[in-house]
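Asks: Each chain, written out:
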Amino acid sequence: NSKVIQTPRYLVKGQGQKAKMRCIPEKGHPVVFWYQQNKNNEFKFLINFQNQEVLQQIDMTEKRFSAECPSNSPCSLEIQSSEAGDSALYLCASSLPQGANTEVFFGKGTRLTVV
Amino acid sequence: AQKVTQTQTSISVMEKTTVTMDCVYETQDSSYFLFWYKQTASGEIVFLIRQDSYKKENATVGHYSLNFQKPKSSIGLIITATQIEDSAVYFCAMREVSNYNVLYFGSGTKLTVEP
Numbered sequence: 001n002s003k004v005i006q007t008p009r010y011l012v013k014g015q016g017q018k019a020k021m022r023c024i025p026e027k028g029h030p031v032v033f034w035y036q037q038n039k040n041n042e043f044k045f046l047i048n049f050q051n052q053e054v055l056q057q058i059d060m061t062e063k064r065f066s067a068e069c070p071s072n073s074p075c076s077l078e079i080q081s082s083e084a085g086d087s088a089l090y091l092c093a094s095s096l097p098q099g100a101n102t103e104v105f106f107g108k109g110t111r112l113t114v115v
Numbered sequence: 001a002q003k004v005t006q007t008q009t010s011i012s013v014m015e016k017t018t019v020t021m022d023c024v025y026e027t028q029d030s031s032y033f034l035f036w037y038k039q040t041a042s043g044e045i046v047f048l049i050r051q052d053s054y055k056k057e058n059a060t061v062g063h064y065s066l067n068f069q070k071p072k073s074s075i076g077l078i079i080t081a082t083q084i085e086d087s088a089v090y091f092c093a094m095r096e097v098s099n100y101n102v103l104y105f106g107s108g109t110k111l112t113v114e115p
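Residue numbers (my numbering), protein chains in the order written: chain U, 1 to 115; chain Z, 1 to 115.
Keep in mind the hints are simulated off the structure, nothing from the lab. One thing to keep in mind: the hints can contain errors.
[As the list claims (entries may be wrong)] Below, in silico cross-link-like pairs of lysine-lysine (DSS-like), each with a Cα-Cα straight-line distance of 30 angstroms or less:
| hint | chain 1 | residue 1 | chain 2 | residue 2 |
| --- | --- | --- | --- | --- |
| 1 | U | Lys18 | U | Lys44 |
| 2 | Z | Lys55 | Z | Lys3 |
| 3 | Z | Lys16 | U | Lys44 |
| 4 | Z | Lys70 | Z | Lys110 |
| 5 | U | Lys108 | Z | Lys16 |
| 6 | U | Lys3 | U | Lys27 |
| 7 | Z | Lys3 | Z | Lys70 |
| 8 | U | Lys44 | U | Lys108 |
| 9 | U | Lys3 | Z | Lys55 |
| 10 | U | Lys44 | Z | Lys3 |
| 11 | U | Lys39 | Z | Lys55 |
| 12 | U | Lys3 | Z | Lys110 |
| 13 | U | Lys108 | Z | Lys110 |
| 14 | U | Lys63 | Z | Lys56 |
| 15 | U | Lys18 | U | Lys39 |
| 16 | U | Lys63 | U | Lys39 |
| 17 | U | Lys44 | U | Lys3 |
| 18 | U | Lys108 | U | Lys18 |
| 19 | Z | Lys72 | U | Lys44 |
| 20 | Z | Lys72 | Z | Lys3 |
| 21 | U | Lys39 | U | Lys108 |
| 22 | Z | Lys55 | U | Lys44 |
| 23 | U | Lys18 | U | Lys63 |
| 24 | U | Lys108 | U | Lys63 |
| 25 | Z | Lys72 | Z | Lys56 |
| 26 | Z | Lys3 | U | Lys108 |
| 27 | U | Lys18 | U | Lys3 |
| 28 | U | Lys20 | U | Lys108 |
| 29 | U | Lys44 | U | Lys27 |
| 30 | U | Lys20 | U | Lys44 |
| 31 | Z | Lys70 | U | Lys44 |
| 32 | U | Lys44 | U | Lys13 |
| 33 | U | Lys3 | U | Lys20 |
| 34 | Z | Lys110 | Z | Lys55 |
| 35 | U | Lys39 | Z | Lys110 |
| 36 | U | Lys3 | Z | Lys3 |
| 37 | U | Lys13 | U | Lys63 |
| 38 | Z | Lys56 | Z | Lys16 |
| 39 | U | Lys27 | U | Lys108 |
Bound conformation, chain U alone:
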């Protein structure tokens, strides 16, 4: 069973409001990913970190989202100004750094609804 902890499980925000969600990766996992899953089940990669460093992020994340993984604190993903299209399931995942063959474990997600 995955030990990636995401909070809150549900988040409701008005358009233009900030939306912040947190993730505690599995112990010993320095690589953290954030994905957005829409209502059609499609996964969109947002950003990943190794320790505190960003490895890769998409344009949307760079412009409207802010994310960090400080040492000794939960990782976080924040949408600066929520839009209706941001309503989705936000998934945090973590893995070991030994290369691409290591499994990625997911948290249960934060379901964001922008009203």
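Go by the hints and put chain Z onto chain U.
Replies: Same frame as chain U, but now just chain Z:
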């Protein structure tokens, strides 16, 4: 461009039968890793099985096995002796070392196991 494609939107089978779910992928990497996950009704994403591209033997874990056809860029998931609790959405995913280990997902296949 879509890197991972699952063409079967949904499948329905009777309990205790065998089901195969299809997945094709595209990559320029010589070494890559393929995964299958399932997402339960509660939204939880569970890792099932992994295939390393450099291995010729098909991976098997419990009642899950893979049909890896590298020349066709195909990685099918086979579930034998299906159970009601196997009902879920199944996702195929690929991880490329050259792409910051980002996991790319297919669009999922919804499996319903009928009693």
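Asks: Hint check: Lys72 of chain Z vs Lys3 of chain Z, CA-CA at most 30 angstroms. Holds or violated?
Replies: 14 angstroms, holds
Asks: CA of Lys108 of chain U to CA of Lys18 of chain U, is that 30 angstroms or under?
Replies: 21 angstroms, holds
Asks: Holds or violated: are the alpha carbons of Lys39 of chain U and Lys110 of chain Z at most 30 angstroms from each other?
Replies: Cα-Cα ~14 angstroms, so holds.
Asks: Quick one, are Lys108 of chain U and Lys63 of chain U close enough, alpha carbons at most 30 angstroms?
Replies: 26 angstroms, holds
Asks: Quickly compare the C-alpha distance for Lys44 of chain U and Lys27 of chain U to 30 angstroms and report which way the hint goes.
Replies: 25 angstroms, holds
Asks: Would you check the hint for Lys72 of chain Z and Lys56 of chain Z, treating anything up to 30 angstroms between C-alpha atoms as holding?
Replies: 14 angstroms, holds
Asks: Keeping to a limit of 30 angstroms between CA atoms, is the pair of Lys3 of chain U and Lys27 of chain U held or broken?
Replies: The given pair, whose Cα atoms are some 8 angstroms apart, holds under the 30 angstroms limit.
Asks: Compare the distance between the alpha carbons of Lys3 of chain U and Lys55 of chain Z with 30 angstroms, and conclude whether the hinted pair is satisfied.
Replies: Between Lys3 of chain U and Lys55 of chain Z the Cα gap is close to 29 angstroms, so the pair holds against 30 angstroms.
Asks: Checking one constraint from the list: CA of Lys18 of chain U to CA of Lys3 of chain U, max 30 angstroms. Satisfied?
Replies: 27 angstroms, holds
Asks: Regarding the pair Lys70 of chain Z and Lys44 of chain U, is the alpha-carbon distance no greater than 30 angstroms?
Replies: 26 angstroms, holds
Asks: Holds or violated: are the alpha carbons of Lys44 of chain U and Lys3 of chain U at most 30 angstroms from each other?
Replies: OK: Lys44 of chain U and Lys3 of chain U at ~22 angstroms, within 30 angstroms.
Asks: Compare the distance between the alpha carbons of Lys108 of chain U and Lys110 of chain Z with 30 angstroms, and conclude whether the hinted pair is satisfied.
Replies: 19 angstroms, holds
The structure is inconsistent with the numbered hints 3, 11 and 14, although it conforms to all the rest.
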